[in-house]
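Chemist: If you want the building blocks of each chain, they are given just below.
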Amino acid sequence: MVDVSLDNLDAVVAQCVGAISDASSLDSLLSLEAEMVGKRSPFTALQKSLGSLSPDERKSAGAQLQAARQRVEEAFATRRTSLAAEHRIAVLEADRLDLGDVVSARVRVPVRAGHPGIISLTQESLEDTFVGMGFVVADGPEIETDWYNFEALNIPPAHPARGMWDTFYLDIGEPETVLLRTHTSPTQIHLMEEAVAQGTLPLHAVMPGRCYRRDTPDARHLASFHQIEGLVVDEGITFADLAGTIETFTRAFFGPDITSRLRPAYFPFTEPSAEFEITCTICRGAGCRTCSQTGWIELGGCGMVDPAVFAAVGIDTDRYSGFAFGFGIDRCAQMRHGIADMRAITENDVRFLELFS
Amino acid sequence: MKVALSWLREFVDLPQDISSLVREMDDLGLVIEGVEHVGEGLEQVVIARIDEIRAIEGADRIRHVIVDAGNGPVEIVCGATNFALGDFVPLAPVGAVLPGGFEIALRKMRGVVSNGMLCSGKELGLGDDHSGLMLLTHKPGIAPGQRLIDVLSLESDVVLDISPEGNRPDAWSVVGIARDLAARFQTPLRDPARPGSDTGAMGGARASIQSPELCGALLVAELSGVVVTSSPSTIARRLEMAGMRSINNVVDASNYVMLERGQPTHPYDAAAVAGQHIGVRRAVDGESLETLDGVTRVLGRAGRGWGDTGIDCVITDGNDAVIGIAGVMGGASSEIRDATTNVLLEVAFFDPMTIARTSKRLGLRSEASHRFERGVDFANALTATARFVEILSLSCPDLVWVATQRSEGLLPELPAITVSEQDVERLLGTAIPADEIARILSALHFSVTIHGASVSVTAPASRLDIRSGVAGRADVIEEIARVYGYGRLARRVPTWSQPGGLNVAQRFRRTVRASATGMGWLEAWTPSLISDEDFSVVAPEGTAVRVTNPLASQESIMRTSMLVGLTDAWASNADRGHGEVALFEMGVVATHPSDTSIQRESAGGVGGASRLRLPVETSVLSAVLGREGDDARVAVASVAALAERWGLAEYEVRSAPGLPGWHPTRMAEIIDCGTGTVFGYVGEVDPEVVAQRSTRVIPGQRLGFLQIDLNVLSNTQKVLRRPLLTPVPSRFPSVIFDLSLLAPKLVSASVIQRALRSSSPLVESATLFDTFSGGALSDDIRSVTFAIRLSSDERTLNEDEVLIARGQLLAAAAAAGAELRL
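Going line by line, the protein sequences match chains A and B. The opening position of the first sequence corresponds to residue 1 in the numbering used here, with each subsequent residue numbered one higher. The opening position of the second sequence corresponds to residue 1001 in the numbering used here, with each subsequent residue numbered one higher.
Hints are not guaranteed to be accurate.
Claimed, not checked - Within a straight-line C-alpha distance of at most 20 Å, the following computed SDA-like cross-link-like pairs (lysine to any residue) qualify:
hint, chain 1, residue 1, chain 2, residue 2
1, A, 39, A, 62
2, B, 1002, B, 1295
3, B, 1718, B, 1652
4, B, 1360, B, 1295
5, B, 1745, A, 96
6, B, 1745, A, 104
7, A, 59, A, 76
8, B, 1718, B, 1508
9, B, 1718, B, 1774
10, A, 39, A, 81
11, B, 1360, A, 68
12, A, 59, A, 77
13, A, 39, A, 97
14, B, 1108, B, 1122
15, B, 1745, A, 70
16, B, 1718, B, 1746
17, B, 1002, A, 292
18, B, 1718, B, 1792
19, B, 1139, B, 1236
20, B, 1360, A, 161
21, B, 1360, A, 175
22, B, 1360, B, 1550
23, B, 1718, B, 1787
24, B, 1122, B, 1157
25, B, 1360, B, 1422
26, B, 1745, A, 76
27, B, 1745, A, 161
For the record, the hints were derived by calculation from the structure and aren't laboratory data.
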């Protein structure tokens, strides 16, 4: 490389840029870099020689030199990016495989037992229990509108009860209209609307699914979690049917020595509303730390469908009545398997995943 | 809400046994979150005077103290240093058991015997002060040997931490809780408060409501002769047990009345209220106020979200200047100060929804707003005022209630509802006689008339949660059930004629899960919300379904693919030395409405009146295969095994340009041959993505990946299944031979395979078992070898038939672009 002086800067830069764009590999680019702008390069030498100039001259010469050097360095960066892309393309091309030609019979994989996740496992056995009791299973979307998640469930806009659910809203439509469902209850509204539209009442359904709440995850809560919800709309349905259904489910799912009780509670979409508790599955009712010595643990909420909800979907309350209940699938799983920290469920540690079958 | 049991007992007789009381309260929906015994274990604590303080040799943290506790010198070893000779401090003698169960024993430290413990406030359960001994030197008349509980007039008490149902306006007060208990125990409710009566005097203050829809009633009491001082200890202690700090006698009286009666009141320093005028109006857009907490709040501006109209209700003075945010927080300028002598007490009913919106938007939740947004008992404003005067008089003997000013706005109408025995039985499934219904409701202060089997009631002003009409009837029946006891209601197992069960899609999902675990894969659960960075890996050109208010930036976008989640799940295991694993997940991914031609519309907005375009949700199965030897080949073979298990008719794996995040030259679409529908993708994760995600990737590590659209797959119109009518395999011997063909690399083996299969009715199967390229073959050609089986249901095939079939096979292969390799 020729010596650089302030007089031939442009020519040298042009020469460098030409050489850089001709570089054919990342390795050759690296050695060019050392040669052109490295510690022993003419650029660096010229830089050092500027010390002998007067302060004013030094300033202007320094700026010229810096600009020239920068042009060279930009050329390196550009070439490096394109060489890396070429390199990637070359590597990927060499790696090309026509998947239509794969001979499945020749593929060998290690033999190992697979495992369903603890949540699916629990969800399926909950579904089975309810199917055995005469329920169908219904699915609903995870992205909902404020109407289905709140208003049709008797929670009008800005109602304080909306504060019961910390909601993730989405940047779609008007503010706070589209959201990640905070419970499976909107599926109830879809089901009732459909049944009314198609004239297919009565309804006996459970609705499992993933829900979202803006809660900082801790040992008992996750920001996304799973719920299962039940809805019965039929003629002559009473609170007695609700209590009987909860009891039947409790014994069927948790075992004959586990029983249930209802306590008053408030939910906007049911009236009367109740919280349901079951015999503590850890101490079987004797009293322990898990149940704060009461022998009971809270499982979920339930109640008779509020007339305002029936009004929102157009169900005639003179003819039909109904009940609804809901609880956490994750919580059921936690209780069944005695999992101390819920966060283990989302960590996907193989050692944990292999425990469930 | 925390309430001292002694306070409740002023209103109602309660059982002595706390645990049975707690059970009954739980059963009434007054859930007890905690029971705290206060002042217990302090009976033996006595007052001691410090008579001597000596150093202990070799110890610099403890000292030898000699005290007099009424019976001559007592030697104590003490670690505190905040006292001097002559100070009076509490002494727990040997044998005393302090709150929390700590028993004082004789101890010897550094050769000095300690005959008890000098205590801090915290050790006695009387506050949080743990910085030194509790100093009682300045208590008038204090002397050694007095009992601490006498000096501080402490009585042991029980504090109940009650969590009432969220909608109950009445249960956030002592009187409301007592009313429930009186109804349950069928005992009378007492009210220690004197009923309020208007003096009728003219007075000099004014009260005016300019926005009647925001304020239903306003009462302003003029009080003179106020001396601001500390509260009597009984008042201060009750507030402290309720978790409120004692401030001064005026503020404390206001808080006391709020806790007891559920009616928040606001005392103003009359001298600081221009014109002695308390007005209520809607805030003007942009008006502001410095609240008691020192923050300046801008008012009258709509915030985010439906239903926030930006309507704020404010309190104004005679100059129409804002001096308080109604029902939420007062202003700094007119607060009670030490020199206050005249007080204006505001007692009001504000529109609950207005208070709720304002406090939500300003992020200001106060004890007052909490009660106003549920609706306060407007019928008892005067009683609350009288109670305030009564409580304040305890510390202000010269207090005069000069006059009362009132202004009326629009109050909610109290619903009148008729409930019959039949209504109750129809909802509860339990028959409750009319007189029992009437008894329960009148105990809850409903006004009640019985007409035979039905009861007509009007809800009290303390129960604004009771609605009108059919909904109101349900509300009233809940009240009946609550007091009657949920545990006493009948249980019945309902039956119906419709069968339960899973639908086709649900059953299919179970098959998919079972087949995935059958492959030896483990089911994972990865977050549905991903980061911007991850989104740009799988959807660099995509429109994000973005969360407006994420908890953390790593979880702000709805996933469009499980590729990054599963790769991370694999990598976190690999980093722990457990990379020998295949993980799968079944769940939902979402596509922004502007990125898809599929329309998903839903009712939304106020009243469900708008049609909103929503993201499209797709249920998918994804798997990442990270075991040794796993790659795209294994993924393809896995798809083959799954397809068998799912009973698919015929599908093709066709190389396709890479999706973002996938290995660009090792991926393919999975296509149903009958309909041409793409129902999945198979291949590998982009090696660059793998390298970024794991710190311990072994060079050459490949991650096989597949993604199946379960919505499409479960649709048997789009992805065809093998026919139900199944031919029985021929009982005649099959003719088996290999067919090696040369084909351009562009022609997929599966295309040739299909051609071979349909070339002749005699073809039982044509299975690819080898491919070869290189050697003498040109670059764009490779050899594919199929194992062919020919058979007939009717006879053993003869040589001619086999030859004809072979000719047909070759012709079909040729049509597909393959020729016999010679």
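Chemist: It remains to establish, for every hint, whether it holds in the given structure.
Modeler: Hint-by-hint comparison with the structure:
At most 20 Å may separate the alpha-carbon atoms for a hinted pair to count; residue 39 of chain A and residue 62 of chain A meet this at roughly 17 Å. Simply put, residue 1002 of chain B and residue 1295 of chain B have alpha-carbon atoms about 28 Å apart, too far for the 20 Å limit, and the pair is violated. Between the alpha carbons of residue 1718 of chain B and residue 1652 of chain B the distance comes to roughly 14 Å, so the proposed pair stays at or under 20 Å and holds. For the suggested pair residue 1360 of chain B and residue 1295 of chain B, the alpha carbons sit about 16 Å apart, so the restraint of at most 20 Å is met.
Of the pairs offered as hints, the one joining residue 1745 of chain B and residue 96 of chain A holds, with about 11 Å between alpha carbons and a cut-off of 20 Å not exceeded. Proposed proximity of residue 1745 of chain B and residue 104 of chain A is supported: the alpha carbons are some 18 Å apart, at most 20 Å. Between residue 59 of chain A and residue 76 of chain A the alpha-carbon distance is near 26 Å, which puts this suggested pair outside the 20 Å criterion. At roughly 15 Å between alpha-carbon atoms, residue 1718 of chain B and residue 1508 of chain B fall within 20 Å of each other, so this suggested pair holds.
The suggested pairing of residue 1718 of chain B with residue 1774 of chain B is violated, with an alpha-carbon distance near 39 Å, which exceeds 20 Å. A C-alpha spacing of about 23 Å is found between residue 39 of chain A and residue 81 of chain A, which places the hinted pair above 20 Å, so the restraint is violated. For the hint linking residue 1360 of chain B to residue 68 of chain A, the alpha-carbon distance of about 59 Å lies beyond 20 Å, and the restraint is violated. For a cut-off of 20 Å, the pair hint linking residue 59 of chain A to residue 77 of chain A is broken: about 27 Å separates their Cα positions.
Taking the CA atoms of residue 39 of chain A and residue 97 of chain A, the gap is near 45 Å; set against the 20 Å cutoff, the hint is violated. For the suggested pair residue 1108 of chain B and residue 1122 of chain B, the alpha carbons sit about 23 Å apart, so the restraint of at most 20 Å is broken. For the suggested pair residue 1745 of chain B and residue 70 of chain A, the alpha carbons sit about 47 Å apart, so the restraint of at most 20 Å is broken. As the CA atoms of residue 1718 of chain B and residue 1746 of chain B are separated by approximately 26 Å, the hinted pair breaks the 20 Å bound.
With a CA separation close to 19 Å, the supplied pair residue 1002 of chain B and residue 292 of chain A stays within the 20 Å bound. Only pairs whose Cα atoms come within 20 Å are accepted, and residue 1718 of chain B paired with residue 1792 of chain B is rejected, the gap being roughly 32 Å. Using a Cα cut-off of 20 Å, the hinted pair residue 1139 of chain B and residue 1236 of chain B holds, with the two alpha carbons roughly 17 Å apart. For a cut-off of 20 Å, the pair hint linking residue 1360 of chain B to residue 161 of chain A stands: about 12 Å separates their Cα positions.
With a CA separation close to 16 Å, the supplied pair residue 1360 of chain B and residue 175 of chain A stays within the 20 Å bound. Between residue 1360 of chain B and residue 1550 of chain B the CA atoms are separated by roughly 18 Å; this keeps the pair inside 20 Å, and the hint holds. In summary, the hint linking residue 1718 of chain B to residue 1787 of chain B is not supported, as the alpha carbons are separated by about 30 Å, beyond the 20 Å threshold. At most 20 Å may separate the alpha-carbon atoms for a hinted pair to count; residue 1122 of chain B and residue 1157 of chain B meet this at roughly 17 Å.
Pair hint residue 1360 of chain B plus residue 1422 of chain B does not hold up; C-alpha atoms about 42 Å apart against a cutoff of 20 Å. For the given pair, residue 1745 of chain B sits about 38 Å from residue 76 of chain A by alpha-carbon distance, which is inconsistent with the 20 Å threshold. Among the hinted pairs, residue 1745 of chain B with residue 161 of chain A is inconsistent with the structure: their alpha-carbon atoms are about 64 Å apart, more than 20 Å.
The structure fails to meet hints 2, 7, 9, 10, 11, 12, 13, 14, 15, 16, 18, 23, 25, 26 and 27 from the earlier list, while all remaining hints are met.
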